[in-house]
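Whole structure, please, built from the sequences with the hints as guidance.
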Amino acid sequence: MKLIKYTISIGLIGLLTSCQNYLDVKPLESISDAQTIYDKTSSETAIRGVYSALASTNYYGTTFQSIGYLSGDNIQWTGSQSQVQEFINKKVNADNSTIASAWTAIYVTINRANNVIAKVPTVTDPALTTDLKNQILGEAYFIRALAYFDLARTWGGVPLITKPTASPTENRGIARSTQAETYAQVLADLTTAEPLLSATTNRYRATRKTVWALRARYHLYQKEWDKAEEYATKLISDNASYQLVKPYSAFFANDARGTAESVFEIFYSANETNTHRNQWQPQTNGGTRQWAPNDALVALLNDPKVGGGRSALVAKDNQNRWYGNLYYRTPAADPTYVIRIAELYLIRAEAEANQNKLTAALADLNAIRSRAGIDASTAQTKEQILLGIENERRLEFALEPHRWFDVVRTGRAATVFNVTDNNRLLLPLPAGELLIDKALVQNTGY
Amino acid sequence: MKKKLILQTIICILFVSVGVYAQKTDATINSTLSGTVIDEKTKEPLIGASISIKGTTHGVITDSNGEFYFRTGQKLPYILIINYIGYESKQFVASKSTITVELRSSSKELNEVVVVGYGTQERKNLIGSVSKINPNEVNSIPVGSIDAQLQGKVSGVQISSPTGVPGESVNVRVRGATSINADNDPLYVVDGVFINSNSLQSISTGGKSTSPIADINPNDIQSIEVLKDAEATALYGSRGANGVVLITTKRGNYEQAPQINFSASYGQAKAAKLWDLTTGPQHAQLVNEWWVNTGKDTPSLNRTFANRPFRPVSEGGRGLPEEQQTYDRLSEAFRTATLQNYDIALTGGTKSTKYYIGGGFTSQEAILKPINFTRASFKVNLDQRVSDKLTIGVNNLFTRTYRNQARAGDGPQGGLLQAALHTPTYLSPYENGVLVGRAGFDNLTLLLQNYDVNSTSLRYIGNLYFEAELLPNLKLRSSWGADYNNYNESEYWNTFLLLGAQGGLATSSITQYTTLLNEQTLTYRKRFDNGHSFGFVVGNTLQSDQLNRTYAEGRGFANNSFKIISSAATTTSTQNWSKSNLASFFAKADYNINGKYLFNASLRADGSSRFGADRKWGYFPSVGAAWRLKQEEFLKNVDLVTDLKLKASYGIVGNQNGIGNFAAQGLWTGGASYQGGAGTAPQQLANPDLRWEKTNQVNIGVDASFLAGRLGVEFNVYSKYTRDGLLQLALPSTTGFANYWSNAAEISNKGFELNITSTNINKGGLVWTTSFNIAQNINKIEKLATPLRYGSRDLILQKEGNPLYSFWVYKQLYVDPETGNVVYEDVNKDGKITTDDRQLVGSIWPKFFGGLTNTVTYKGFEISAFFAYQYGNKIYNHNKFFGEGGGARDAARIIFASNLARWQKPGDITDVPRPDGINVNNYRDGGSRWLEDGSFIRLRSLNIGYHLPKAIAKRIGAEAAKVFVNGTNLWLLTNYTGLDPESSASSDQNAQGIDLGTPPQPRSFQVGINLTF
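Residue numbers (numbering that gives the first Met the number 0), protein chains in the order written: chain A, 0 to 445; chain B, 0 to 1012.
Watch out, some of these pointers could steer you wrong.
Among the chain A residues that face chain B by a calculated CB cut under 10 Å, a handful are [claimed, not checked]:
#1 L22
#2 V24
#3 R47
#4 A52
#5 S81
#6 A104
#7 I105
#8 V107
#9 T108
#10 R171
#11 F266
#12 N270
#13 T272
#14 Q289
#15 N417
The set of hints was computed from the structure by calculation and includes no laboratory data. Note that CB positions come from ideal geometry on N, CA and C, so glycine has one too.
As structure tokens, then:
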């Protein structure tokens, strides 16, 4: 009996004293969101978190990139999922899961950037120097600019979110801004970022030079030719840092990374993998070859007068099928090439051609052709040069996310892709988002 | 530490307790009495009957010969009270020193003892809805786990086996499903220990997962009770919403001579049928047709008959259709599987000790190579009476379950059925003399030769308890239990396989799941002289669950001989840790007036660490009442009616299983690294208001038995309504989050259950009994703000006003006989077929389901046939969707023979359209053509047994011997054109009913023997 009483007493005491603590269990893999950015270290880890979002599978890892090239005319699809075929057919439905994933991933990136932009200025840790604080903020503004740029060119105007989300009731029910307003946000963020960052060279993180490069692309899209030329020149003239590497494959083959070709590439490693290769590599290389270069592209790349050294972008598997070979590494650590110096040459060429600086334009175009190991362009008129640039971009960035956006922004989708319905030039907002947020209005035609 | 302590204590008890004996009394002996208790009809001795002398506390129990013995201070004559479960109790005047007492068997149904929450009850006094299953009826079905064996046996419990792989998870739904994002599985309790029923599997087997219930050897189980309504489950309040499965394992009896049971069986299993595929020439023919058709539809494609893919090799083609070979991969992948099972058990007891020691070994091959399942188990149950007032005991289950696993579900790489089934038959496995994979899948031969994926589960389930009688009628029980599972998985993909193509890939994952449990109950029961009785139970439970997982991966091995991660060029690893605690208090009281009116009420309070700070506690009450009409005067003398009882109950039960342990907290992750530097990022938004999901349930039932118990009927109607349904509520992406945990759904389940048992013939040793059950459950999502899509190609849509798991498809009306194109229903009449035209057509829920068992015994023979059925549910034949691509998938997928019925020329009447591009129209994702009726009736098992005459048994040294043959799935009637209408590719509860790459449940034959020594 004594034993029993003793046991009961222990049981009850243990129970009553510790009940409240007992029911308060904290995770070990995560931390509370109550205190997140408060000193130098947490500021640094938070900005890395923003890059990590940029690098995520659904943004610059695979999904967002695939919108850019699948919608073009270079890629065929060999799998069974219809969402891929919709891009190739240029009949993307609002419930396409690729656009939903990309949309979500971009806004995740924006929220992370907003956290940094909102909280880092309040950090009082003396170890966080003004320079470092500015650098972190500048990087966050740059990434947010890139995110809104990608949203604007893909979907048009989107809700502009500039504050971090702290509860489920925030940052929702916000109507779409116009495409112009969205681009204005891009420019505002780039303008803010520029003085915060120093003009150093870092190919994996944003610097003032990275901001210039994105501005060059931004102005190209806005058809502000002089500005596009001006900002492209800032990079091209920085010969010490940026060069067209030779041969063409030198920027990616043999596990190369961070070459002088890259203005901004996203870093991946065995621990921070880029699953992009799985879509491209054949089964014998551990991939699925769900999408592959189509016959037309293979023919162009393998034509020594047209593709030149860019034939290295494709290879044949053991069943004589062609596959894309830009993303191939094991472990899957292929960089994502966001901005290469080659793009700045072609941006400047296009900007110059549009300002009727034909000789300069040809020179820039031929720099790219020469690097690829093909003859100089025979184009003479402005139209011929612009067409030359368009075709050059098709091959130069064959497996990078440019083709769709290029043909859309130059207004040639009807001619090149046979897309006569202008509504199709913007993709539909994900149907799921419209269901949840009544403030969102679908793009016309969907 | 705590765990170690418990284990040590258990070991102590195991080895030390044998020295303890009951107290000796030195009272004067005035008489001795020896006697035998036998069955009135059969004259067989009754073992374990209790005999007490009226007016004293002195009682004994009959031994294995039905004999008992008294030495007492009482003088003859005196009155003995004899009680035995299943028999009417008897008062007997003992006037001489040797007596024989005959007991009359009572109506079995009524006095059957049923295990309920924290106690037992006779069936006649039950208010709640409880089904009891004798595992002997089903434990020869070779499916690995006990839950899968129960299909069709329990009314209102829908059990389906989504795969033919033994030991994999099955779906068990007690009276429907109540939740979208929290679990819908019942709570499993083994001898009072709440066990983990969620798979610990972390490797991918194509959406499938292993069942933790398979760690329990069905042969160790004495009885299984399924608690269904709120009255029955309320004492398990927090987890009662999906029903409770109480598993009671075997124990010995006091004063029982040691008895050894041995059983062995051996059998074989085989697929009843396999898929019907096109031959190489047929495949080529269809591809050519598709080519030409799409060329006509879209001239810019420049596809003509002249440049069709299967044209002569000399013209640059792949050869004419008739030149194509046919390669049979299915018969390479499937096999005749071997099944073996051995069990040995020792039971017995002395005056103060009773024990059960069981050992079992099971080996079951799947019909799909190279999958197998083996389980070795060891069970020790021990109870020791320390004194008249104190009993201490232990339950221990140790199991090792080893599985050879393979991806028998969805998924291209390493996908066994994809390689076997989805690879076009015309494609040779060889290219230039080397085995190659086709169509994006692995080469089947290489896969079968090199598959190396296995898991080992080590499991301990047990508890240590003591039970003390503090005062007369007041008992205290305290129990300390643990469920510990070490789940060790490894994969090795060598360079012959796609996943390992780049130098090999090895993974290792070790998961430890620990449940620690402490529980106290205080039970009181008082019988009053006026025939009333009163009882109560109060108690508390503390439960802590913890998961640890360490995962490592290595890539790049020197050659295929190196398989261990340490020899890989690149290694990565992760670790997971998670924990939840639960504290509960409960009380239940019942009052019984004359055995005529029964009342009870209970309340349970549960505090869970998973919910918001002020929302941790949930309160779960229930009330119930029953009226035994048979006890009323007006029925007492109606012989036709043996018993009649009306019962009703109402209660609220809760659910928290399946949500994240930290679901209510706002979190940032530390796993957002970049360039090798640590990175942090928002991960989850807080919901301090997150609270219990609660289900109200009303149950009204009738229990009746007629004709001296030969016909028994149990009928229940119920209505369940779930509020505050746990849901990962979608957030607009503009927030930067995909969703957050909230209480946002409401779901209802309404239905009935009918259970009929009858003894049709009982004459001259011939007994024929029938047991039939049927149930209906109508499930409906009452409230859900935005529809949720699940499954491949969004085939399942959860939408307000419809049942859970409804299929969302484009409804095919017909194939236009003129054009050969599918005409879909244009729901919104806008002239276009778009997503808006998808509609909900049927769901995975059957309109009714159940089982039918017929058993005939004659002399030593026993034949039992058990059918399970369901009617009105839908299943999506996703294999056929891929296999009826009309040639558009060309060399990328198989074509099923059913595609040959395609439209070819105007006037053709068929439901298979002409071949054209996939997803364009005729072979559109989510077409209703592949949504099929999943109704079925199957002969789940057929058992024939023969008890050898005692004389023959004796000759081999046994007390009793039985030989048996057993067949499962011998017959199946269904309209489903796939292999098995229960197939489902994913163990995701929201994506059920999609059949893709799933081996069917096999047909099997077994022979076996049971021996008792």
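Status of each hint after checking the structure:
1. L22: holds (5 Å)
2. V24: holds (4 Å)
3. R47: holds (3 Å)
4. A52: holds (7 Å)
5. S81: holds (4 Å)
6. A104: Hint on A104 (chain A): holds, closest Cβ of chain B at ~9 Å, below 10 Å.
7. I105: With Cβ-Cβ at 8 Å, under 10 Å, it holds.
8. V107: holds (5 Å)
9. T108: holds (8 Å)
10. R171: Check passed: Cβ of R171 (chain A) comes within 5 Å of chain B, closer than 10 Å.
11. F266: Status holds, d = 5 Å.
12. N270: holds (6 Å)
13. T272: holds (9 Å)
14. Q289: At about 8 Å, which falls below the 10 Å cut-off, the nearest Cβ of chain B leaves the hint on Q289 (chain A) intact, so it holds.
15. N417: holds (8 Å)
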